[in-house]
Amino acid sequence: MKLKVKEVEFSYASVHVLKDICIELAASEMLGVVGPNGAGKSTLIRCIDRILKPQRGIILLDERDIKEMRLMELAKKMGYIPQSTSQIFPATVFDTVLMGRRPHIGWQSSEKDIEKVLETLQMLNIEDLAMRDINELSGGQQQKVFIARALTQEPNVLLLDEPTSNLDIRHQLEVMDIIKNIVREKELSAIMAIHDLNLASRYADRIVMMNSGKIFSAGDPVSVLTPESIKRVYGVEAEVNNNNGRPYIVPIRPVKQNGKGTCENKWNMQ
Amino acid sequence: MTSSTATISGTRTKSAEIKEQYKKFIGRKILFILFSLVLIFIIAGVAATLGSYPITVTEVYSIIWHGLFQNPETTKEIVVWNLRLPRILMGILAGIGLAIAGTMMQGILRNPLASPFTLGISSGAGFGAALAILLGAGIIAGETGKYLIIVNAFAFSLIPTFVILGLTRYKRATPETMILAGIAMLYIFSAATTLLMYFAESEAVKAAYFWMVGSLGKASWDAILPVSIMLAGCVPLLLWKSWDVNVMGAGDETAKSLGVNVERSRILILVIASLMSAGIICFTGTIGFIGLVAPHMCRMVIGGDNRFLIPASGFFGAALLLGADTLARTIIAPVILPVGVLTSFMGGPLFLYLIMRKRREYW
Numbered sequence: 392m393k394l395k396v397k398e399v400e401f402s403y404a405s406v407h408v409l410k411d412i413c414i415e416l417a418a419s420e421m422l423g424v425v426g427p428n429g430a431g432k433s434t435l436i437r438c439i440d441r442i443l444k445p446q447r448g449i450i451l452l453d454e455r456d457i458k459e460m461r462l463m464e465l466a467k468k469m470g471y472i473p474q475s476t477s478q479i480f481p482a483t484v485f486d487t488v489l490m491g492r493r494p495h496i497g498w499q500s501s502e503k504d505i506e507k508v509l510e511t512l513q514m515l516n517i518e519d520l521a522m523r524d525i526n527e528l529s530g531g532q533q534q535k536v537f538i539a540r541a542l543t544q545e546p547n548v549l550l551l552d553e554p555t556s557n558l559d560i561r562h563q564l565e566v567m568d569i570i571k572n573i574v575r576e577k578e579l580s581a582i583m584a585i586h587d588l589n590l591a592s593r594y595a596d597r598i599v600m601m602n603s604g605k606i607f608s609a610g611d612p613v614s615v616l617t618p619e620s621i622k623r624v625y626g627v628e629a630e631v632n633n634n635n636g637r638p639y640i641v642p643i644r645p646v647k648q649n650g651k652g653t654c655e656n657k658w659n660m661q
Numbered sequence: 004m005t006s007s008t009a010t011i012s013g014t015r016t017k018s019a020e021i022k023e024q025y026k027k028f029i030g031r032k033i034l035f036i037l038f039s040l041v042l043i044f045i046i047a048g049v050a051a052t053l054g055s056y057p058i059t060v061t062e063v064y065s066i067i068w069h070g071l072f073q074n075p076e077t078t079k080e081i082v083v084w085n086l087r088l089p090r091i092l093m094g095i096l097a098g099i100g101l102a103i104a105g106t107m108m109q110g111i112l113r114n115p116l117a118s119p120f121t122l123g124i125s126s127g128a129g130f131g132a133a134l135a136i137l138l139g140a141g142i143i144a145g146e147t148g149k150y151l152i153i154v155n156a157f158a159f160s161l162i163p164t165f166v167i168l169g170l171t172r173y174k175r176a177t178p179e180t181m182i183l184a185g186i187a188m189l190y191i192f193s194a195a196t197t198l199l200m201y202f203a204e205s206e207a208v209k210a211a212y213f214w215m216v217g218s219l220g221k222a223s224w225d226a227i228l229p230v231s232i233m234l235a236g237c238v239p240l241l242l243w244k245s246w247d248v249n250v251m252g253a254g255d256e257t258a259k260s261l262g263v264n265v266e267r268s269r270i271l272i273l274v275i276a277s278l279m280s281a282g283i284i285c286f287t288g289t290i291g292f293i294g295l296v297a298p299h300m301c302r303m304v305i306g307g308d309n310r311f312l313i314p315a316s317g318f319f320g321a322a323l324l325l326g327a328d329t330l331a332r333t334i335i336a337p338v339i340l341p342v343g344v345l346t347s348f349m350g351g352p353l354f355l356y357l358i359m360r361k362r363r364e365y366w
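Protein sequence lines correspond, in order, to chains A and B. Heads up, this note's numbering is the position in the first sequence plus 391, with the first residue counted as 1. Heads up, this note's numbering is the position in the second sequence plus 3, with the first residue counted as 1.
FYI, nobody ran anything at the bench for these hints, they're computed from the structure. A portion of the hints provided could be inaccurate.
Stated by the list, open to error - Listed below are the simulated BS3-like cross-link pairs for lysine-lysine, each with C-alpha atoms no more than 25 Å apart in a straight line: (1) K467/A / K503/A; (2) K444/A / K174/B; (3) K397/A / K444/A; (4) K467/A / K397/A; (5) K503/A / K577/A; (6) K397/A / K458/A; (7) K444/A / K605/A; (8) K468/A / K647/A; (9) K27/B / K503/A; (10) K458/A / K174/B; (11) K444/A / K395/A; (12) K503/A / K395/A; (13) K393/A / K467/A; (14) K467/A / K571/A; (15) K26/B / K503/A; (16) K397/A / K605/A; (17) K444/A / K393/A; (18) K221/B / K209/B; (19) K32/B / K503/A; (20) K22/B / K503/A; (21) K503/A / K221/B.
Could you build all of it, start to finish, from the sequences and the hints given here?
Shown next as structure tokens:
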């Protein structure tokens with residue numbers, strides 16, 4: 392399945408969050424979206440899944456405009472994995488993963504749906520959690536449950552919003568490996584908003600770097616994650632090393648910006 | 004070779020084990036629903052024996068059974084069918100309706116405090132009834148006055164819901180907006196009722212006050228019919244929407260990504276649940292706590308899956324309300340206490356106890 396994002400613009404009230412975003416994505420491809428806080432990464436992910444409606448531009452899935460699809464139809468093609476849970480009332484892991492079947496079923500869940508849930512739980516190696524309450528789990532376990540839920544949707548495109556933000560390094564690697572393997576095996580496309588530049592560099596096939604709602608640069612990790620782009624977008628002086636052909640970023644210090652209201656400047660003005 | 008076949012069969016049995024656990028969990032949910040149903044029948048039997056005319060439990064059941072096929076003739080039959088049964092049935096229907104309405108409101112607003120009371124429905128009904136009584140409906144003798152009160156209570160109880168809906172045209176229909184708007188309406192109507200009472204004659208104030216303290220004493224076959232039609236229309240719709248409510252429990256964004264039109268579902272379910280509670284409250288007055296407590300108690304036993312939670316909390320709420328009414332009739336007999344007072348007196352401490360011993364915090 393091919394995903395195309397064309398000239399998408401989005402604003403909250405009068406604040407422009409996304410400006411003229413164009414992205415293309417093929418099957419079995421993993422795209423990392425990086426950028427500083429407020430660059431519009433999560434907003435972009437939400438626009439692609441129609442959780443937010445962009446004011447301009449179109450998003451095509453295999454040449455079909457997603458605006459013209461029924462919600463349930465889109466839900467069969469795209470799976471969204473949120474950052475954390477906001478479940479208030481009790482729900483078991485099994486029932487949470489079963490929710491992924493919602494686009495496919497009517498009122499009654501069939502034997503096939505149950506098998507599907509079991510299969511996914513097994514694939515992610517979280518069978519032992521099946522009857523536990525989702526709120527009792529650790530952040531890493533919850534993230535795996537959300538991935539399981541999105542996979543039982545049987546989507547062609549996976550959208551991930553900061554999948555590793557609350558995880559320890561072991562869970563970060565586990566979760567990223569799971570996603571990478573699934574993308575390869577099931578020939579999915581994946582777009583993930585991600586803060587950690589080194590994880591992005593290591594796992595993404597291509598990277599889009601965003602800065603205040605616009606795409607600053609796009610391409611393979613080596614061409615995007617350069618000391619110059621990190622300096623311009625993040626305002627951070629960084630060293631970029633080569634780690635088995637992938638850039639490895641070592642941040643050094645924030646760049647002192649001229650005339651942007653740092654303490655020193657304020658002193659000078661007085 | 005042997006080790007790999009062992010692991011394969013190992014994972015197979017693991018899956019089979021989970022499946023069995025899951026089926027068992029569902030079995031437990033169904034068992035709880037049946038248990039609540041049996042509880043209703045037992046309490047109803049006991050409730051029908053209570054009163055100045057002595058009738059035994061077995062007699063009650065046989066009278067009810069025979070009355071299904073022929074008109075009541077003996078005194079016992081008339082007492083059961085015309086005096087006691089309407090009250091019991093009203094208790095069951097009101098319990099079912101209020102508990103299910105509470106379940107749905109908590110579900111769609113993702114707020115454990117949501118209930119027909121917190122959304123202003125009860126206070127709207129109270130104001131409507133008070134207005135009708137104080138403007139003279141209480142003085143109009145007989146049936147017309149009674150109907151005027153009911154119709155007025157029903158109409159006013161729907162106003163908060165429509166105000167909430169009106170707001171969502173200008174602001175997104177988020178749970179926070181809706182619940183805050185409901186609480187605002189609760190205060191406005193309470194204040195308006197107080198103002199009305201402040202300037203009214205003391206007899207009328209007493210009548211209005213008596214109306215507002217919920218009771219099943221006004222129940223009659225005339226009231227049973229519209230309430231059961233209302234439930235028969237609303238409950239299946241809500242059951243049909245139970246999957247959407249489940250999915251909405253995971254948050255708006257997740258629900259949208261799973262194909263649910265969150266805003267539309269939320270509004271539709273709110274309207275149905277409000278209609279249902281308004282249809283009950285206008286006949287019974289404010290019966291507190293059933294809509295709040297019954298869903299929570301059931302969630303603690305059977306979990307949050309609304310496909311099972313809706314029937315469970317409906318039946319359990321009915322048993323709770325019927326039990327409270329039975330207690331209200333016996334505790335200082337022959338004086339009958341209003342059931343609304345009993346549900347709050349019972350529900351309050353029970354709720355505190357549940358909050359104390361709960362493993363996990365909801366909010």
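Task: Structure versus earlier hints, numbers of those that do not hold, lowest first - done: Numbers 8, 12, 21 - these are the hints that the structure violates, sorted from lowest upward.
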